[in-house]
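Enquirer: Chains as they are written, first to last, in my numbering: chain D, 1 to 527; chain X, 1 to 402.
By construction, these hints were calculated from the structure, which means they are not laboratory data. Errors might be hidden in some of the hints.
In silico SDA-like cross-links for lysine to any residue, where the CA-CA straight-line distance does not exceed 20 Å [what the hints assert, rightly or not]: (1) Lys272/X x Ser339/D; (2) Lys378/D x Met244/X; (3) Lys321/D x Met244/X; (4) Lys265/X x Glu151/D; (5) Lys321/D x Arg273/X; (6) Lys272/X x His163/X; (7) Lys247/X x Glu377/D; (8) Lys247/X x Asp152/D; (9) Lys390/D x Lys272/X; (10) Lys457/D x Val253/D; (11) Lys70/D x Glu170/D; (12) Lys265/X x Val253/D; (13) Lys247/X x Glu453/D; (14) Lys337/D x Thr249/X; (15) Lys265/X x Arg415/D; (16) Lys265/X x Lys70/D; (17) Lys265/X x Asp393/D; (18) Lys265/X x Gly383/D; (19) Lys247/X x Asp393/D; (20) Lys265/X x Asp363/D; (21) Lys390/D x His163/X; (22) Lys247/X x Phe380/D; (23) Lys265/X x Lys457/D; (24) Lys378/D x Thr249/X; (25) Lys272/X x Leu319/D; (26) Lys338/D x Arg273/X; (27) Lys265/X x Thr107/D; (28) Lys247/X x Asp363/D; (29) Lys321/D x Asp189/X; (30) Lys378/D x His163/X; (31) Lys211/D x Val253/D; (32) Lys378/D x Asn246/X; (33) Lys247/X x Ser365/D; (34) Lys247/X x Glu151/D; (35) Lys247/X x Lys321/D; (36) Lys40/D x Glu170/D; (37) Lys204/X x Asp189/X; (38) Lys247/X x Val253/D.
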Amino acid sequence: MNTNTTNASAGKSPYVIEMRGITKIFPGIIANDDITLQLKKGEIHALLGENGAGKSTLMSVLFGLYQPEKGEIYKNGEKVTINDPNDANALGIGMVHQHFKLVDVFTVLDNIILGVEPTKYGFLTKKEAREKVLRLSKTYGLNVDPDALVEDITVGMQQRTEILKMLYRENEILIFDEPTAVLTPQEITELMGIMKGLAKEGKSILFISHKLNEIMEVADRCTVLRKGKYIGTVDIADTDIERLSEMMVGREVHFTVDKDESKPGDVVLEVKDLTVKGHSHKKNAVNGVSLKVRKGEIVCVAGIDGNGQSEFISAITGLTKCEEGSVITLNGEDVTKKSIRYKNTHGMSHIPEDRHKHGLVLDYSLEQNLVLQRYFEKEFSHGGFIRFDKIRDYADVLIAEYDIRSGQGPVTPARSMSGGNQQKAIIARELDRPHDLLIAVQPTRGLDVGAIESIHKQIVSSRDAGAGVLLVSLELDEVMNLSDRILVMYEGEITGEFDPKKTTVQELGLYMAGAKRQNGRGEADGK
Amino acid sequence: MENKKTFGEKCAAFVRKDGVRSVIASLISILGGIAVGFIVLLLLAAFDSDVTFSQALKGILIVIKGPFSSGSADNMLFQIGNMLFEAAPLVMTGLSVAIAFKTGLFNIGAPGQYLMGAMGALVVALSLPTDTIPSWIVWILALLAGTLLGAVWGAIPGFFKAHFNVNEVIVCIMTNWIAANVVSWVFLDTDFINTPETKINFIKKTSSNGVATAKLGLDKIFEGSYMDISLIIASLVAIALYIMMNKTTFGYELKACGFNRNASKYAGMNEKRNILISMSIAGALAACGAALWVLNGSQDFKWNTYMSLPAEGFNGIPAALLASNNPIGVIFSSLFLKFLNKGGANLSAQTPFNEYVSQLIVAVIIYFSGFSKLFRDMLAKKLKGNEKRDGDSLKAKGGKKE
Ligand SMILES: Nc1ncnc2c1ncn2[C@@H]1O[C@H](COP(=O)(O)OP(=O)(O)OP(=O)(O)O)[C@@H](O)[C@H]1O
Ligand SMILES: [Mg+2]
């Protein structure tokens, strides 16, 4: 193109990876429009942009999953073609995807060595692989159980498995697509440390995150995208959170939630002695937990991932069974033995933890997903036949109201939507359904700051309209910001109750780590 | 240049459509099958001194032309009639497999369901007195009996899958062989067995009791063939299923359950019930196909089935695969398979080749159709590859100019 490039291709390129003029078009949308990205060796380069801005797409191009319509990729100044992930791997490029690509029925170890299995005379020699994995896991503090099946482990551990997978392959260029979205604050701090360490060792890191403080903490530079276009690249040292978010959203963003004092009313959800058996351990995952959620309040269950929150919510919503003796009442009615459909139609809305496993039918279109629990209602069906026109109208309304961005509007396959917009679709569906109780597990996972702001507002207005909200979040900022009452869950028990105005993050941290517990809380009555 | 490009883009957009891509993938499977069949004929010609290469070429043309290569016009009509009649049971087993697929289940139990359906229909059609009950009522009852028995038979793997998460393939295979033995056992030493010494392996034709599917003069058009209205019935069922799967809340649930069982559970759908119902419908369909076949009135049903399973049941799998599980598509894929079948018969009649070659071609098509999804993906990739190669060659040209 110009003389610079000729010099660069002569060998001394300052960039280990350079993507030039990348354009990627999907049906109905230009996901990447002439984007340039320059990654220096040994730097941590953040990629920032709203949901659907095209970050994952750009990284998928680099990883060989998509072929761009236009543009070139250079490694150390030399032009390369990356046709598939194998090519990427050969060039030392590794990627942790936004939605993990693990084989559910394999163990953690098998997943890590999948594709690069060590063999001797054609036989698997897992012993060395195992040692290497354990060594890596120790060095980087990535705690995993190599023999656990992936389907049995928490999302956090799946994430760590993905990271280990990359480290195991000794990749030089590491792409992290929203790695922290599912990690606990402690784990995030650790990961930040790991990333810095890796960068110091000379590895170059591309890091996608919606959390600006993380970017401020670890990144050296940051490239901002907006609606598929390249906005600019800045040195982190010369910028701040406000400027970054304005660059990304195009307007000012408020980070605190404005909300009035809560006015708790009748009890909408009451849980008594809820016990859930653990997966593999003898210990109960949830051990005799009792709590009440009233109308007009937001109750948050805080805790470190894996302390029984998921099992607790699954039992309340009916996705898994709870033990004999547990009682769940919804609006004063015992619904312990009732079906999920019954709870759904009697005031329970549920934003699930795993949007791909539970929240969406990925092979359905956006509009079909927006009526996932309502397709049979009078409004959307007639004599057993679906009223497609009504669904379309309804979808159009939700898409506009919740700003769900996609290539083809209501008929977009859910699978092709960006992660954040998939989440927005679920939130729209659950908030718009008539509900007295909203159960929200990590509702803002993977959303950009602008979207978080508006979702928080909507949750608060759902509360003000008289719904009770049971929130599970690993995000302490969110917990402190949004809730009216905080319960800490540790090892399947509630170990403390707090008023967010009268406590601190540090205090909560002690309870979450199990270092402290309030007397009389969470002791299982009976046995 | 620009025009060409937009045309190319149009083509690409056209091919990107899911339906179009499925059809193309099916065509590739078919062409692949035919190509391999041709190679086999050529090889035979090369190694067998009785056969010449020109015969190989003639042979493949005979197969491709199906019933149209039958020689005389009369013979052709006869073969077409039989092709249409024989397609009906295949449409039904194809639908059976397709519906289960849509719910995320692999119904390899169609052969067993088919046997149960044949048995149910035969027993009712042969034992109800047609002098007191009008024969068309007996016909309907027989069809219903066969269908119901199949529904029950299909429900068994469905039940185990739904409530104990036992893989349906395993239970299906077991129920297949149980059906094979049950049917033999039920008919053993009964009056249902045909009497002439040469016919004791067969059950009496239902026409012996005056029960037979209406022909509406179709057998006159296709002189001498078995043709009756069963293909019309099967097509109506296919259309009904298409509507059920795509337009009703029930179909919405079944597909959701097939795509993502966890999400359908989360959404409050009764996924256990759906699995059970889906397998029952699948069983009913396969059985109904068998009932249509035996109720034709002129068909011999081999009753001592305990050592073999009916091919028609298994052939539902390629019929469904070739149609990408689209109910309407199953009508056409079934017709096509039967079309080749007739070509194969003509091949052995008119050339030194035997009919197994046509079966081989069908088998290869079936094999290829199993890869039709792969073809679909390859097609998508190929398009991209083309685009890129175009770009590269342009650049190469530019380079030369410099
Ligand atoms: N495979 C695909 N087919 C069609 N459209 C796609 C596909 N992948 C992404 N898109 C579209 O491209 C746009 C960019 O998506 P992308 O996943 O890159 O966003 P993102 O910046 O990673 O967003 P998020 O923060 O929500 O993850 C979206 O509008 C999405 O709908
Ligand atoms: Mg993304």
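Enquirer: Please flag the earlier hints that this structure goes against, numbers listed from lowest up.
Expert: Numbers 3, 8, 9, 11, 12, 13, 14, 16, 17, 18, 21, 23, 27, 29, 30, 34, 35 and 38 - these are the hints that the structure violates, sorted from lowest upward.
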